[in-house]
Amino acid sequence: MDAYEIFRKIDAGEIRGLLSICFNPMVSLPDNAFIRRALEKLEFYVAIDFFLNDSARFADIILPGSLQEEDEGVVAQVEGRVIKINKAVDCPGEARQDWVIIQDIAKALERPHGMQFNSPREIFEELRIASKGGIADYSGITWEKVEQNMGVFWPCPSHDPKTGEPTPDHPGTPRLFERDSYNSVAKGAGPFYFPDGKARFNVADYRVPVDDISDEYPLFLTTGRVVSQFLSGTQTRRIGPLVKQYPEPRIEMHPRLAEKLGIKNQDWTTAETRRGSITLRAMVVTTIRPDTIFVPYHWAGKKSINQLTVAAQDPISKIPQYKVCGCRVKKADGPPEYASVLEPQQ
Amino acid sequence: MKPDNLHFFIDPNRCIGCQACVQACSECDTHRGESMIHLEYVDRSHSVQTVPVICMHCDQPTCAEVCPADAIKRTGDGVVQSARKPRCIACGNCVMACPFGVPEVYEDRQLMMKCDMCYDRSSVGKKPMCATVCPSQALFFGTREQIEQMRPQSTPVNAFQFGNQTITTQVFTMVPKASAQQRPLVDVTAAMNEEAQARSPRDVSLSVIGNRTATATVADPFAEVEV
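Here the protein sequences line up with chains A and B, keeping their order. When we follow our numbering, the leftmost residue of the first sequence carries the number 2, and every step to the right adds one. When we follow our numbering, the leftmost residue of the second sequence carries the number -12, and every step to the right adds one.
Some hints here could point you the wrong way.
To be verified - Here are the simulated DSS-like pairs of lysine-lysine, each with C-alpha atoms no more than 30 Å apart in a straight line: (1) B:K72 to A:K245; (2) B:K72 to B:K114; (3) A:K245 to B:K114; (4) A:K146 to B:K114; (5) B:K114 to A:K85; (6) A:K88 to B:K114; (7) A:K85 to B:K113; (8) A:K42 to A:K108; (9) A:K88 to B:K113; (10) A:K146 to B:K113.
These are computed hints drawn from the structure, not numbers from a lab. Just so it is clear, the structure is predicted and the values come from calculations on it, not from any experiment.
Here chain A stands alone, though its shape is the one from the complex (with noise of 0.2 Å):
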């Protein structure tokens, strides 16, 4: 089940009750109206969060988490490096690390089975038998390997697949799919993630957006990121330097755009879909199309833009369609009321 499907899910009363880790879905998840809608209906609702993010706002006991430098354990970049993160600072208060708090739950409930570890390296220990074999296989890191070499690659087996032997020196796989590597689906049989060991081409079939542009919306919003928010903001829009760079979201839009809606830079500007609508200040760029507008995600409330976006999702993939729906912009006769609140952290 994805994360979309769970809302869906508490929306027809299949799901009563919800315990999330580090979720903010008021922010992330698209046509967000829904979302609050199901965060209502919950009958029971627990957040793990290391502050007190806008979904957790919802929850019936919040249960305050630990940040990366409060916890020690790896982390596998996107590259597929292994990193180590060391803890530098104790959890303030009465935070805990998120798997202690699992634990602990796990005991309330009279079912620790398989949540009894006393440290995080215990569970990576569990994690190294746990992949054994697989494609992301962890068996020969060890924490030492890790430090040693600024992160060890995987798959890094403990046993060579082929023979058997141990293999306590493997380096791991800084490259992956090399002419004669080895992988537990292909198994020898070439470097690919299939039988025959061969790559596929998949052919991805146009599919016209599920809000596509009409007369009524004749334009395209898509949503993104900038540099200096990550996700939902819960950790960045609280640092005052990130925040200063790029302090709340704004309208971009082309000087072509802007002219036929007699928009200015830094002009209030209301954008509206189906489901709802947004003002924001424009910045006019020749950096996109005349023809489509971008509104970055990370914030909350009536700043955020998945007010508007649509919840339909990518068949495969399960990815909404944050990057597509038809909308429709116009001047704003001023500042929306929220311009002059700070925002709940602020």
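Here the structure of chain A is known, so what remains is to put chain B in place on it, guided by the hints.
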């Protein structure tokens, strides 16, 4: 003293605008909360290209020459230090005079502060903070041999033309090798004039380096898009 063989090299072409240098700089204890490096958009209304601006550490620093309080000192290793607090009167002469736009006056503390190449670090052979975090080596601190090996197509240049004034600096800018051989000088004033001309018709001509001029007409990539 900064070791003689270590130099600062800026390669603005490689800047991806990630702001890591700005964040790293602003966390430093000696000027906590303020970044001494400026990451500027060249012209955000037309491009997302950014350029990192640090103190170039001029051999004859204009900022120091115009300072009425003699608050800006250049150490023997060529590093131009930030204003000396007991002397600085926050008049802002240096802000006006610096050809690279580096110094800033902080009104709340009545003091000019600027990049000092992380003197606490570079004076003992460590990289300045911005150069330690730059993921694309747009900011690089090391030896000439290292940069020549890393960037075989470019040459470090440290002479800049501002009208009639030629300024030489401790910090190098990377320019294409062919252009630098012809005339190893970045003509800043010429580049500024050209940018203004190129604004409305989308013609971009480049004579940044020496007297080489290349003109290219950049077609509007969205000419076919109807509004």
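Do the hints match the structure? See the list:
1. For the given pair, K72 (chain B) sits about 27 Å from K245 (chain A) by alpha-carbon distance, which is consistent with the 30 Å threshold.
2. Under the criterion of a C-alpha separation no larger than 30 Å, the hint pairing K72 (chain B) with K114 (chain B) is consistent with the structure, at around 25 Å.
3. Distance restraint check for K245 (chain A) and K114 (chain B): the Cα-Cα separation of roughly 27 Å lies within the 30 Å cut-off, and the hinted pair is therefore satisfied.
4. Distance restraint check for K146 (chain A) and K114 (chain B): the Cα-Cα separation of roughly 27 Å lies within the 30 Å cut-off, and the hinted pair is therefore satisfied.
5. For the proposed pair K114 (chain B) and K85 (chain A), the alpha carbon gap of about 24 Å is at most 30 Å, so the pair holds.
6. A C-alpha spacing of about 25 Å is found between K88 (chain A) and K114 (chain B), which places the hinted pair at or below 30 Å, so the restraint holds.
7. In summary, the hint linking K85 (chain A) to K113 (chain B) is supported, as the alpha carbons are separated by about 24 Å, within the 30 Å threshold.
8. At roughly 28 Å between alpha-carbon atoms, K42 (chain A) and K108 (chain A) fall within 30 Å of each other, so this suggested pair holds.
9. Taking the CA atoms of K88 (chain A) and K113 (chain B), the gap is about 25 Å. The hint holds against a cut of 30 Å.
10. Using a Cα cut-off of 30 Å, the hinted pair K146 (chain A) and K113 (chain B) holds, with the two alpha carbons roughly 27 Å apart.
The structure shown violates none of the earlier numbered hints.
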